[in-house]
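Which chain is which? The protein sequence lines are A and B, in order.
Following full-length UniProt numbering, the numbering of the first sequence begins with 1 at its first residue and continues without gaps.
Following full-length UniProt numbering, the numbering of the second sequence begins with 1 at its first residue and continues without gaps.
No wet-lab data here; the hints were simulated from the structure.
In this text, all values refer to a predicted model and were calculated from it rather than measured experimentally.
All C-beta atoms, glycine included, are put in the ideal place defined by N, C-alpha and C.
Treat the hints with caution; some may be incorrect.
[As the list claims (entries may be wrong)] Listed next, the stretches of chain B that the computed footprint assigns to chain A, with coverage defined by at least 3 CB atoms under 8 Å from CB atoms of chain A:
hint, stretch
1, 59–70
2, 100–114
3, 129–139
4, 160–174
5, 312–326
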Amino acid sequence: MDPLLLARLQFATTTSLHFLFVAVTLGLVTLLVGLQTAWVLTGNPAYERLTRFWGQLYVINYALGIATGIVMEFQFGLNWSGLSRYVGNVFGAPLAIETLVAFFLESTFLGMWIFGWHRLRRGVHLALLWGVALTAYASAFWVMVANSWLQHPVGYELRDGVAHLTDFGALLTNPTLGMAFGHVVSAALLTGGMLMAAVSAWHLLRRTPDFALFRTSLRIGLVTAALAVSLVVGFGFAQFGPVGQAQPTKFAGGAGRDALVAEWTARFGPGDYAPPALADVGLASMIMIGMLLGCVWLLLPLLWRDWIIRLRVPLQITLVTLPLPFAAVLLGWIAREVGRQPWVAYGLLPTGQAVSPVGPGVMLASLIGFTLLLGALAVANGMLFARHAARGAADPPLGRPPAPAAEPVRPMSVLA
Amino acid sequence: MELAWYALLGLFFAAYLVLGGYDYGVGLLLARGGGPDRRRASLTAVGPFFLGNEVWLVASVGILFGAFPTLEGELLSGFYPVVAAALAGVVAVTVGVQLRSRPTDGRARAAWDRVVVAGSLLAALGWGGLLAGLLQGVPLTAAGHVAGLGHVATPFAAAAGVAMVALVTVHGAIFLTLRLPPTDAAPLARTARRLVAVALAAVALATIAGGLSDRVRAAPQRPLFAVLLPFVLVTALLVARAALARRRPGVAFAATSAALALPVALVGAALWPYTLVSTTDPAASLTVIGGAASGPTLALLGWLTVPLLPALLGFQAMCWWVFRGRTDGRAPVYW
Ligand code: HDD
Ligand code: HEM
Ligand code: HEM
């Protein structure tokens with residue numbers, strides 16, 4: 001089998017998994033910041049319970065975000081050594097900044113936040129969550145800088161076939177960056193809001209004990225989702241202009257496409273420079289989902305006098321539409337990434353030149369091995385997430401007060 | 001400037017081996033039995049530091065990619081199986097530790113603990129093998145690519161992997177001696193002392209395997225540093241043993257930390273000015289400068305990240321300070 005195909009498949013699988021979890025991370029952390037800030041400001045214990053319950057789910061989700069992220073990071077060197085060789089001078093910089101500026105602090109803060117309940121002062125504990133959220137956004141920003149550079153290489157010059165950085169500012173003002181970052185972040189917020197609404201809807205449908213708590217989070221989730229879906233659609237349509245201009249071969253071909261293909265044929269030889277049809281299928285399906293999700297606005301009037309809960313049907317709808325935002329984020333990435341084929345760095349480095357010169361056997365073993373490992377862990381993670389979501393907010397392990405000091409010293413295994 | 005970045009890369013990776021090392025050591029020690037309470041207490045001891053330890057690896061690879069892109073591509077793909085094994089181990093540990101306490105059922109928890117044990121084993125084997133692989137050189141061709149992967153499967157790489165497993169286990173046991181309540185710490189100090197003997201044997205074995213390999217004899221440019229390596233390890237282990245006998249676990253921990261950090265520095269120094277020494281074509285060896293990014297990239301990274309280093313270290317130090325001392329042996333927390 002062709003190592004290139006295997007490497008691409010592996011990239012697509014790992015990244016899709018990574019993004020499913022990361023979208024939830026980014027969305028939920030934003031909502032959590034709101035909840036915990038409200039708790040610290042008002043002192044209302046209802047907000048503490050909300051923070052603990054949603055925080056618990058957030059932390060469970062985080063485990064796979066980290067695991068898949070680490071595999072992503074190594075994958076560049078393992079499978080795409082040509083990428084580092086030819087464009088590493090430019091493309092590596094935002095990723096290095098991301099790890100040092102964002103991840104390093106994010107994980108340090110998160111560890112302290114999880115273990116800091118009942119130990120740190122409230123203000124410090126809240127500041128840690130703010131730190132987690134800000135660094136999570138920073139990491140999304142820098143990784144989008146890197147991705148946008150692959151979509152539209154800028155700020156470099158070629159010497160002996162190797163790209164060298166000339167203008168870092170150009171990476172930050174990349175036309176394929178701004179709207180895409182807004183779109184990704186609001187898509188994550190939409191995903192987080194829908195997740196919160198759907199879990200709450202499940203509890204309200206089942207009439208589990210915590211009515212007031214889940215009523216509140218249903219409202220927060222739906223309002224967030226409605227605001228976010230508008231942003232998603234706005235940023236989404238705003239992308240067509242800049243991206244279409246930077247990548248004339250995307251979106252079924254834009255102005256200047258034929259001239260560009262002629263230029264490439266002269267420089268890189270004849271070839272098929274049209275992206276696979278999958279890209280357009282992804283784009284169209286995502287847009288359909290986006291329009292459909294726009295209908296959350298219709299649910300908002302029902303929040304009045306809890307009609308949404310009394311009627312039940314709107315709750316059922318909220319529950320069954322939960323997979324849609326997840327499908328949309330993957331379809332969107334397929335549109336973006338498949339749509340830039342056959343290039344790793346658009347118009348600069350063909351995908352085939354970026355793949356590592358390792359044999360197909362190793363590549364296949366790696367694809368199967370990591371897909372099975374991450375897939376199994378992701379399923380286990382999803383099941384634990386669902387179980388904790390269903391268990392309700394009675395006493396989540398996160399932020400549980402320590403046992404009284406008088407207790408015997410042995411830890412008790414009956415504690416969850 | 002390349003040298004400064006190379007030193008920073010070494011510093012981050014060494015710090016990862018020290019900090020991640022005790023995670024893996026504690027992970028391996030979960031296999032020693034003693035029931036669910038004991039396993040849970042060990043994880044509580046690692047508790048708040050766990051997430052902050054692993055990011056040293058993430059940051060090392062970030063520096064490797066940003067500052068040494070050419071080296072990154074050749075190093076990781078040239079040692080594919082070793083790196084993939086270490087990576088699978090890291091992933092298993094990270095998920096296992098974070099999720100093992102989420103199920104309430106004891107059997108599911110025991111299963112996750114086995115994932116942590118297996119992951120710790122793979123990670124330690126992999127990183128030990130990678131350091132050994134650097135010392136024995138790679139078949140780098142004139143085109144600048146590592147040819148094939150057969151070069152990694154040597155007795156020396158295997159022995160070094162085993163030595164790394166032994167080292168992190170001692171290190172983990174000493175960490176627990178420092179962190180657990182005094183009643184639980186005493187038996188661990190005894191375990192740690194027994195493990196020192198195992199580690200000494202493993203280091204001796206790796207030294208012999210290295211001495212017998214002509215590639216290991218040929219690749220180092222400054223053989224003195226390579227020869228120093230086993231002496232440093234043995235000294236550190238003996239110091240750790242003596243310190244444990246005098247009930248000074250802090251000193252013992254410093255000694256095993258040195259045993260995990262110094263190999264990185266010594267391997268780097270032994271190969272200097274190269275990072276990958278070619279066994280087939282000496283002219284093809286990759287120098288530190290040859291593997292590095294060009295000037296503007298390094299300058300940019302310097303301006304953006306170096307001013308932040310104090311903050312990075314400061315927040316890590318805050319974490320160690322806030323959660324310093326022994327766990328109190330009351331209800332286990334979170335992991
Ligand atoms: C909840 C998720 C979600 C929803 C409902 C939508 N999108 Fe989207 N879309 C994404 C999530 C997403 C994404 C995963 O976040 C992508 C992938 C890369 C990116 O920048 O955002 C994306 C990519 C993406 C691209 C490709 C950019 C490129 O190729 O570089 C376009 C043109 C749009 N979107 C436009 C839209 C429009 C017009 C939508 C609705 C009417 C829409 N998206 C709904
Ligand atoms: C923002 C950071 C990202 C970067 C730097 C990045 C980079 C890359 C690279 C280097 C490849 C392999 C080369 C190629 O096939 O062109 C690739 C392929 C791919 N990526 Fe991404 N990617 C990113 C995010 C994502 C996300 C979040 C998804 C989620 C689904 C995704 C989906 C894909 C797919 C489907 C492919 C295969 C495309 C094909 O080969 O036809 N990417 N990407
Ligand atoms: C190819 C590109 C990517 C690489 C190399 C990458 C790498 C990583 C790594 C190594 C981690 C774990 C960090 C830790 O230990 O804490 C991580 C987590 C994260 N990534 Fe990515 N990632 C990529 C794509 C993306 C994209 C497209 C986004 C969002 C737009 C994103 C956002 C995040 C966030 C928010 C986290 C932290 C939260 C979590 O772990 O769930 N990443 N990523």
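We went through each hint and held it up to the structure:
1. 59–70: Coverage by chain A holds here, the residue count being 10 at a Cβ distance below 8 Å.
2. 100–114: Since three or more residues must qualify, the claim that chain A covers the stretch 100–114 of chain B holds, with 5 doing so at under 8 Å.
3. 129–139: violated (count 0)
4. 160–174: This one is violated; 0 residues, fewer than the three required, reach chain A with a Cβ under 8 Å.
5. 312–326: Since three or more residues must qualify, the claim that chain A covers the stretch 312–326 of chain B holds, with 7 doing so at under 8 Å.
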